[in-house]
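2 protein chains.
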Amino acid sequence: MTLAGQLRRRLRDVVGDEGFVDSAAGLRVYECDGYTMEKALPELVVLPANTDELSRVVRLCHREGVPFVPRGAGTGVSGGCLPYEIPVMIGTSRMRKIRRVDIANRLIEVEAGVVNLEVSRQVEAAGYYYAPDPSSQSACTIGGNVAENSGGPHTLKYGVTVNHLLGIEMVLPDGEIVRLERTNDITGYDLAGVFTGSEGTLGITTAATLRLMPKPQAVTTLLAIFPGIVEASRAVSAIIAAGIVPAALEMMDALVIEAVEAAYRFGFPPDAGAVLIIELDGLEAGLEELCGRVEDACRQAAASEVRRAANEAERALLWKSRKRAFGAMGRLAPNYCTQDGVVPRSKLPQIVEAIAEISSRYHLRIANLMHAGDGNIHPLVLYDDSNDNEAERVVAAGHEILTACVKLGGSLTGEHGIGVEKIELMSKSFSDDDLSAMADLRDAFNPTGLCNPHKIFPTDRACIEIKRPRPRGGG
Amino acid sequence: MTLAGQLRRRLRDVVGDEGFVDSAAGLRVYECDGYTMEKALPELVVLPANTDELSRVVRLCHREGVPFVPRGAGTGVSGGCLPYEIPVMIGTSRMRKIRRVDIANRLIEVEAGVVNLEVSRQVEAAGYYYAPDPSSQSACTIGGNVAENSGGPHTLKYGVTVNHLLGIEMVLPDGEIVRLERTNDITGYDLAGVFTGSEGTLGITTAATLRLMPKPQAVTTLLAIFPGIVEASRAVSAIIAAGIVPAALEMMDALVIEAVEAAYRFGFPPDAGAVLIIELDGLEAGLEELCGRVEDACRQAAASEVRRAANEAERALLWKSRKRAFGAMGRLAPNYCTQDGVVPRSKLPQIVEAIAEISSRYHLRIANLMHAGDGNIHPLVLYDDSNDNEAERVVAAGHEILTACVKLGGSLTGEHGIGVEKIELMSKSFSDDDLSAMADLRDAFNPTGLCNPHKIFPTDRACIEIKRPRPRGGG
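For the record, the sequence lines run as chains A and B.
As numbered in our numbering, residues 1310 to 1784 make up the first sequence, in order.
As numbered in our numbering, residues 1310 to 1784 make up the second sequence, in order.
Possibly wrong hints are sitting among the right ones.
Identical copies carry no separate label here, and so any pair may be met within one copy or between two of them.
[Stated by the list, open to error] Here are the simulated DMTMM-like cross-link-like pairs (lysine to aspartate or glutamate), alpha carbons at most 20 Å apart as the crow flies:
1) 1737 to 1478
2) 1524 to 1590
3) 1466 to 1590
4) 1716 to 1411
5) 1716 to 1741
6) 1632 to 1621
7) 1406 to 1427
8) 1629 to 1567
9) 1348 to 1697
Keep in mind the hints are simulated off the structure, nothing from the lab.
Put together the whole structure using the sequences plus the hints.
Written out as structure tokens, the structure is:
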């Protein structure tokens, strides 16, 4: 599909030169997201400055029957914004206004292109913060967070994006601007809820109203060292079974520890088989007792050591090690592919075993990073793109891991979405009837299918399967 | 519409004599729900014993093109299960199995007819409970809770039904049985989320998997007495502004206090203008400090007295007074109509003023019960059905109150739904485009419109408006 010159001119008129990208070098920036196994170039990228411009762009595409795909910061890791057979990419990176800060009612309204961490910065002085904290929070934007229903380490206690979303402004696939409120409970169907996590297939979020949370009075962050991942999993179950809900409960295995220690020199013991990062927050008064109970649970699960972050600097370094673990993986292999699956918490030991078996069968090293308290695993499959066929093996191993998750009663994604990456796996989780019910829902809002086609659902893919490149490693 | 004898026989074959109601006396039980201003008789009521029977009933209705309406315990208060122009009512009261209790993964799966409070009873000994606690929790059932996305006093801290829902089994309007999981995060669209709060217009919930919560280590319940409702509202704002999230924060005004004191003799002071019931929970250690801060906030907002429930018995009596306040209203007037609206917390004084003005203009006494921490108001409009035209005035006054809520930036319902009661008001909250987007969503799952027609949306009503009875008071 090649765009007519007239449409190009009209789009350029709407967004101006500053918001129009069609040079080869300029487009290269937009050829993939954090899921680097696949790439595709859009014909052009438009970057509207505000909701009105974005709506006009969508109206033009709708009128001309031209497919379009929304893109936030491109930190997604399932290829949700890849432009296969989609000429026009609509980026929200210029829409960065803070529209409203209302501390009395504990809410903030920001445009889609505002960076996640910036939201907390805006209200920090008043003692508040925005809870969902993806590892990419210093780069990812609120529009993408809504599209993916993003979580993060603190999801365990505080929930994901939809739990903190009080309303969205969005542009429907025909260009209409709508505001969907949840500020004061939900009247009629929960449309804002439907759109959250719909991966850009129902429209484009242009602004969101977010719940602000008061910063906890006190926070303690523990690091527990274990001989292996099975022992650490046992500690996770013991902590939860004791009725304790930590703010975060994260696991890293030996390979991840090796990489982050080389990168950030936190001081992880070189022989650690696995570590848990356990954060407890709440009132000062009760916290000490709670820490004691968590430490006991870890020791009973064979922890060799449990440390507390001595001060804010040490706590920050520990979290940096965890949140930037992805970046550190480059020290172990030229390429890696992050997987994202979920199992019931009580099945963590089984999935770890299954991953080890898959790792050895495929001759691929797999590092394990987990939001363990949620049962949300992030196996990182290490590889070298320059080796023949290795990328294909990575994809196959990833699919086996996710299939094992589903077999254990879990699911295909905790927080990264389906995108293009897991389309073929949807039929393992859902019957044809389930999928067709979802397609009916999509058609209710996106009847032309022009808004981010070929995502999530296997049904639409057949026609482009042949054009989709073979998997290959990315930068 | 009169049902053909053949369909009657087939339905009877499916559910057996025990599950088939068509006598005049038997049907009378099903003529209204807790919204007693309107009534309608179904032609027959079927009570399937399990999901399979329910599915077969729906398949028969679907095949014959006969409208049907689901009904839980009939405790709803917006007429969501009223059978206007709907011959077949499908009740879930016989579906009361506890299917699965999984303490390790903190979940329970129950059938739709299980009573809300029974869920907590099942897991009490293990130290757990189910958080959403509508005032009707000793009677209302989980299927109805899902349909209405029910809340309760503890919604402030713990959220509503959808925040505790890990999956549903349901029968779609064509009779198909589907299971929609959220146990391990959400893959694809959040269909279980869409169905929650859809008031029985997208299908019939047959079972639900619910999140269990560990009982808090300690609970303290405070009663603060104020000269009037404005002072009490000020205390609400002050508590929230201090960064404290009570487990519950409830308000009752002088009229409600008068009624509940007469009924339960808790010992409310006779001259109290308003009271707050404030419950704090969490770790033992921090609670005392928190209580002190709440007490200070109340005194600074002119509370004449702040008491603590001395023991579990006193706490239980205080909550009984609050939760059964509805029942106690009969001491003040022969009839009452409960309203349900929401305003931003900071607008509580304004809505209280607006209600007082409406009360005096309509010559109707209005008592105020509120989930104040949520800004969720429940004005109780008192009246006498035997007075000419009084019921009509009650409906008009209720509509004025809700319109005032919307004008203050609030909404038409916090937790009771739209049902038939508020259909005419939907256009005050939503544009035609918004409503048509919702109708598109409904049509995706309920294309024939046979499943609970004439609810929520104004569009379908015109044809039956003339047949709808004039409002009148109920038992």
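Intra- versus inter-copy proximity for residue 1478 and residue 1737 (alpha-carbon distance at most 20 Å): between (34 Å within a copy, 18 Å between copies)
Homo-oligomer pair classification [residue 1621, residue 1632; C-alpha up to 20 Å]: For residue 1632 and residue 1621, the Cα distance is within 20 Å only inside one copy (16 Å; across copies 45 Å).
Treating 20 Å as the Cα threshold, decide for residue 1716 and residue 1741: within, between, both or neither. within (18 Å within a copy, 45 Å between copies)
Should residue 1348 paired with residue 1697 be assigned to within, between, both, or neither, using CA atoms and 20 Å as the limit? within (18 Å within a copy, 73 Å between copies)
Residue 1629 and residue 1567: within-copy, between-copy, both or neither at 20 Å Cα: within (15 Å within a copy, 58 Å between copies)
First find the shortest C-alpha distance between residue 1716 and residue 1411 inside one copy, then the shortest across copies, and answer within, between, both or neither for a cut-off of 20 Å. Cα proximity of residue 1716 and residue 1411: across copies only (18 Å, versus 46 Å in one copy).
How would you classify residue 1466 and residue 1590 at a CA-CA limit of 20 Å: within, between, both, or neither? both (10 Å within a copy, 16 Å between copies)
Within a copy, between copies, both or neither: which one fits residue 1406 and residue 1427 at a CA-CA cutoff of 20 Å? within (11 Å within a copy, 48 Å between copies)
Up to 20 Å between alpha-carbons, please classify residue 1524 paired with residue 1590: within, between, both or neither. Classified as both; 9 Å inside a copy, 18 Å across copies.
Hint compliance for this structure: no hint is broken.
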